[in-house]
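Each chain is listed here by its residues.
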Amino acid sequence: MSPVRRLATRLLSGMLRGGSPESREWASAMRRELDFIENDWAALLWAVGGTTAILGRSGGKKIAGVLAGIAIATLLTAGAFGAFALAFHFFPHSVEHSMPWAVWLAVVGLPLAIFIVVARILWRNRRPMAVGMLLSASALTAHVVVHMATHMAKHSG
Amino acid sequence: MELRLSRQTLLVLEAFLAHPEDWKYGYEFSRTTGLKSGTMYPILMRLAERKLLETSWDTAELGRPARHLYRLTPDGLRVAREHSQPRSMARAPRTAFGGGEA
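So the protein lines, in turn, are chains A and B.
Quick note on numbering: the first sequence equals residues 20 to 176 in our numbering.
Quick note on numbering: the second sequence equals residues 45 to 146 in our numbering.
Treat the hints with care, as some may be off.
Here are the computed lysine-lysine pairs in the DSBU-like style, where the Cα-Cα straight-line distance is at most 35 Å [to be verified]:
hint, chain 1, residue 1, chain 2, residue 2
1, B, Lys-95, A, Lys-81
2, B, Lys-80, B, Lys-95
3, B, Lys-80, A, Lys-81
Label-pair ranges, simulated between beta-carbon atoms [stated by the list, open to error]:
hint, chain 1, residue 1, chain 2, residue 2, range
4, A, Gly-128, B, Arg-51, 38 to 48 Å
5, B, Arg-51, A, Gly-37, 25 to 35 Å
6, A, Leu-154, B, His-127, 31 to 41 Å
Read the hints as simulated data drawn from the structure, not as lab findings.
Where a beta carbon is used, it is the ideal one built from N, C-alpha and C, also for glycine.
Please work from the sequences and hints to get the whole structure.
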């Protein structure tokens, strides 16, 4: 058996062992069809598709949605930080002294507002992704609160 | 729960309607419909959940594993026919005067 076919077999055998009880019959059906697919790469594609189908049935789709929401939020925050870093690089004086509010707006306010608006839009049709974005918004807010509290304690002490 | 009749679901129903009495194997059915396993199996699972599809295991030939088989139940056939008619009518060529084919 080629390594590609072995991987395909392992994927579906894993689903057979780890899938929900009601999805085991389907995992077994997909696993057995593998023996009738002659091309190894076609067998692997079959197994990958089957694994996605089983995971989707077992709640994996929800987890993937939440992770996608977190990933989008992380990219947005990284983009905001990147924009701030660029602005600071090119206009250090303006950013530091003239527009301190702009820093907070770019790094915290804007991403938070975007997370909340996008989560509101996604809530009806893509709830797991919306939950991922809201989780990120909560994490960012908590981070800012802790940062400010630490900063204030340092200055008062 | 209402069955979501996506384009792919309709394709699956139509493929079953072509030979309604025959049991279909997963891989061959995937090739007939042109659907990948990741698209086809969730549809088959939903149809089976709603009792529109019946499944069975064939008796294993010597040295060959048993295979899962599928065909529409009477309810599934009814749903498939209900949804295939308007589509075929919509696809019927129109005459120069706007009428459908007889």
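- Message: Range first: 25 to 35 Å. Now tell me if the beta carbons of Arg-51 (chain B) and Gly-37 (chain A) are that far apart.
- Response: 32 Å, holds
- Item | Pair hint outcome, Lys-95 (chain B) versus Lys-81 (chain A) [Cα-Cα no greater than 35 Å] | Satisfied, since the Cα-Cα distance of roughly 25 Å is no more than 35 Å.
- Task: Please test the hint of 31 to 41 Å on the beta carbon pair from Leu-154 (chain A) and His-127 (chain B).
- Result: 40 Å, holds
- Are the Cα positions of Lys-80 (chain B) and Lys-95 (chain B) separated by 35 Å at most? Distance of about 23 Å is within 35 Å: holds.
- Item | Hint consistency between Lys-80 (chain B) and Lys-81 (chain A) [alpha-carbon to alpha-carbon, up to 35 Å] | 21 Å, holds
- Message: Given the hint of 38 to 48 Å, is the C-beta distance from Gly-128 (chain A) to Arg-51 (chain B) inside that range or not?
- Response: Holds - the Cβ-Cβ distance for Gly-128 (chain A) and Arg-51 (chain B), about 42 Å, lies within 38 to 48 Å.
Violated hints: none; the structure is consistent with every hint.
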